[in-house]
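Given next are the chains, with one letter for each unit.
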Amino acid sequence: MRAVAPAGAAMEPAAKLAGFVACAIVVATTPEWKPASLAAYAALAVALLVWFAAPVRLVLKRVLAAAPVVLLTATMLAYQAGGMRAGLLMAAKAGIVIFLFAILTATTPVSELLAAMRRLGMPAAAGSVLALMERYVRLLGEELGRMHRARASRTTRQLGAAHRLRSEGHLAGALLLRSWNRSDRVYQAMLARGFTGDWPAAKRTAWGMRELTVLAAMLAGYAAARWI
Amino acid sequence: MHIADGIVPVAWCGAAYLLAAPAVYLSGRKAEPPEIVKMGLVASSLFAVSLVHIPFAGTAIHVGLLGLAGILLSARSAVVVFAALLLQALLFQHGGLLALGVNTLNMSAGALAAGWLWRVQAGPAGFRAFAAGFAGVILPAIAVAVEFMLVGYGKGFWALTGLYAAVAAVEGIMTSAIVSFLARTKPSVLSALPKRVRHEGGGA
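Line by line, the protein sequences give chains A and B. At position 29 of the first sequence the residue is numbered 29 (this note's numbering), and the sequence of numbers has no breaks. With the second sequence counted from 1, adding 1000 to any position gets you this note's numbering.
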């Protein structure tokens, strides 16, 4: 927990999501190479990074993780179809969009973003599956780690490549079976706790003046940057 | 093969969302709570397995298990593919939020085709499982190559599909290993969803 809440911390997640998506669309639909606009987009993204007090290392890590795909595609575009300028434009736009979303995901808990998406009309089955995944991916990942350790402690020689794949397949199959059987117990436990078919909504939130002001400022900034 | 944000034009992303939304909705339609819980747990374990890097032939590979998702979930796989892609976009920024519709279409096509290959009952089970795993990788890769060509990014990605064929073969071997394990230990898992799950454990 932070000692001092950052300026943007209290923003309602659905408003925040809408704001970042809208700004990303403004950036991604920019039709031509305009260095002034691109520089302004980047400067505004840095301002948002500060305003939302995003952890800088985490944001940079996520942008760098996406870099190979972006650079590969931009290179292909530059040399095969659109020319150097088209490649550069695509790489710059993609970089800024990814930077924006990295700020969003680094400053908003996944559970809040998912709740916001459920409120914004995500199909119900997908929302339920996501609620379960959010809870069980880590738990089952840890279980798989324990299974790996158990196998390593019983395996004395190095496995060959084919044998190794088969052995990994068996572990994955065992984990799947455990989850399959576990799902019945999970469902019974949910019923025992009063599950009626609806997922409890996260705390009710509403858009206030604050959300509207920040949204308007973000959009105005990006729209102005585009028409520079 | 995840398409990152900002690469495919926004109009294409919007069109893909318009196609993906009804596909995801139909795929999850009329799923009862016990079946949903099963889908969630299966999705979580596939996701957990896909995060593990396996040392193989001098490098580390990781499997996507789209083929296995198709085998286990059949028509329900589109919901799970969408959910997994959204979670990846939020947790690790693999793929992206604008490109989520495009990625969902590409990957669901792989999973649904894999489920179909498994269920047509042509050939021995080991071969069908291999084919399903192979299709789960190669079809999304081909879809990306076609999309990039249509969007005007050239034909460069066709060269990559050759590379993906090798990845797909490894994935096929892994999928058939998992399926043979399940067939020996609890074969009902391989044909339970989406229809028969209610008779099995849930509905209490």
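Just so you know, the hints here were simulated from the structure itself, not pulled from any lab data. Since the model is a prediction, treat every value here as computed from it, not as a measurement. Please note that the accuracy of each hint is not assured.
Computed Cβ-Cβ distance ranges for the label pairs, DEER-style [what the hints assert, rightly or not]:
id: 1; chain 1: B; residue 1: Pro1124; chain 2: A; residue 2: Ala189; range: 38 to 44 Å
id: 2; chain 1: A; residue 1: Ala152; chain 2: B; residue 2: Gly1126; range: 25 to 31 Å
id: 3; chain 1: A; residue 1: Arg119; chain 2: B; residue 2: Ala1122; range: 44 to 50 Å
id: 4; chain 1: B; residue 1: Gly1014; chain 2: A; residue 2: Ala189; range: 37 to 43 Å
id: 5; chain 1: B; residue 1: Pro1124; chain 2: A; residue 2: Gly121; range: 40 to 46 Å
id: 6; chain 1: A; residue 1: Trp33; chain 2: B; residue 2: Ala1122; range: 30 to 36 Å
id: 7; chain 1: A; residue 1: Ala43; chain 2: B; residue 2: Gly1126; range: 53 to 59 Å
id: 8; chain 1: A; residue 1: Leu72; chain 2: B; residue 2: Arg1184; range: 24 to 30 Å
id: 9; chain 1: B; residue 1: Gly1126; chain 2: A; residue 2: Leu159; range: 18 to 24 Å
id: 10; chain 1: A; residue 1: Leu159; chain 2: B; residue 2: Pro1124; range: 23 to 29 Å
id: 11; chain 1: A; residue 1: Ala65; chain 2: B; residue 2: Phe1127; range: 35 to 41 Å
id: 12; chain 1: A; residue 1: Arg178; chain 2: B; residue 2: Val1151; range: 39 to 45 Å
id: 13; chain 1: B; residue 1: Leu1091; chain 2: A; residue 2: Ile228; range: 30 to 36 Å
id: 14; chain 1: B; residue 1: Ala1159; chain 2: A; residue 2: Ser111; range: 54 to 60 Å
Think of the CB as a built atom: it goes at the ideal place given N, C-alpha and C, for glycine as much as any other residue.
So, going through the hints one by one against the coordinates:
no.: 1; hint: B/Pro1124 to A/Ala189: 38 to 44 Å; verdict: holds, 40 Å
no.: 2; hint: A/Ala152 to B/Gly1126: 25 to 31 Å; verdict: holds, 27 Å
no.: 3; hint: A/Arg119 to B/Ala1122: 44 to 50 Å; verdict: holds, 45 Å
no.: 4; hint: B/Gly1014 to A/Ala189: 37 to 43 Å; verdict: holds, 41 Å
no.: 5; hint: B/Pro1124 to A/Gly121: 40 to 46 Å; verdict: holds, 44 Å
no.: 6; hint: A/Trp33 to B/Ala1122: 30 to 36 Å; verdict: violated, 52 Å
no.: 7; hint: A/Ala43 to B/Gly1126: 53 to 59 Å; verdict: holds, 57 Å
no.: 8; hint: A/Leu72 to B/Arg1184: 24 to 30 Å; verdict: violated, 41 Å
no.: 9; hint: B/Gly1126 to A/Leu159: 18 to 24 Å; verdict: holds, 20 Å
no.: 10; hint: A/Leu159 to B/Pro1124: 23 to 29 Å; verdict: holds, 26 Å
no.: 11; hint: A/Ala65 to B/Phe1127: 35 to 41 Å; verdict: holds, 36 Å
no.: 12; hint: A/Arg178 to B/Val1151: 39 to 45 Å; verdict: holds, 43 Å
no.: 13; hint: B/Leu1091 to A/Ile228: 30 to 36 Å; verdict: holds, 35 Å
no.: 14; hint: B/Ala1159 to A/Ser111: 54 to 60 Å; verdict: violated, 41 Å
Hint compliance for this structure: hints 6, 8 and 14 are not met, and every other hint is.
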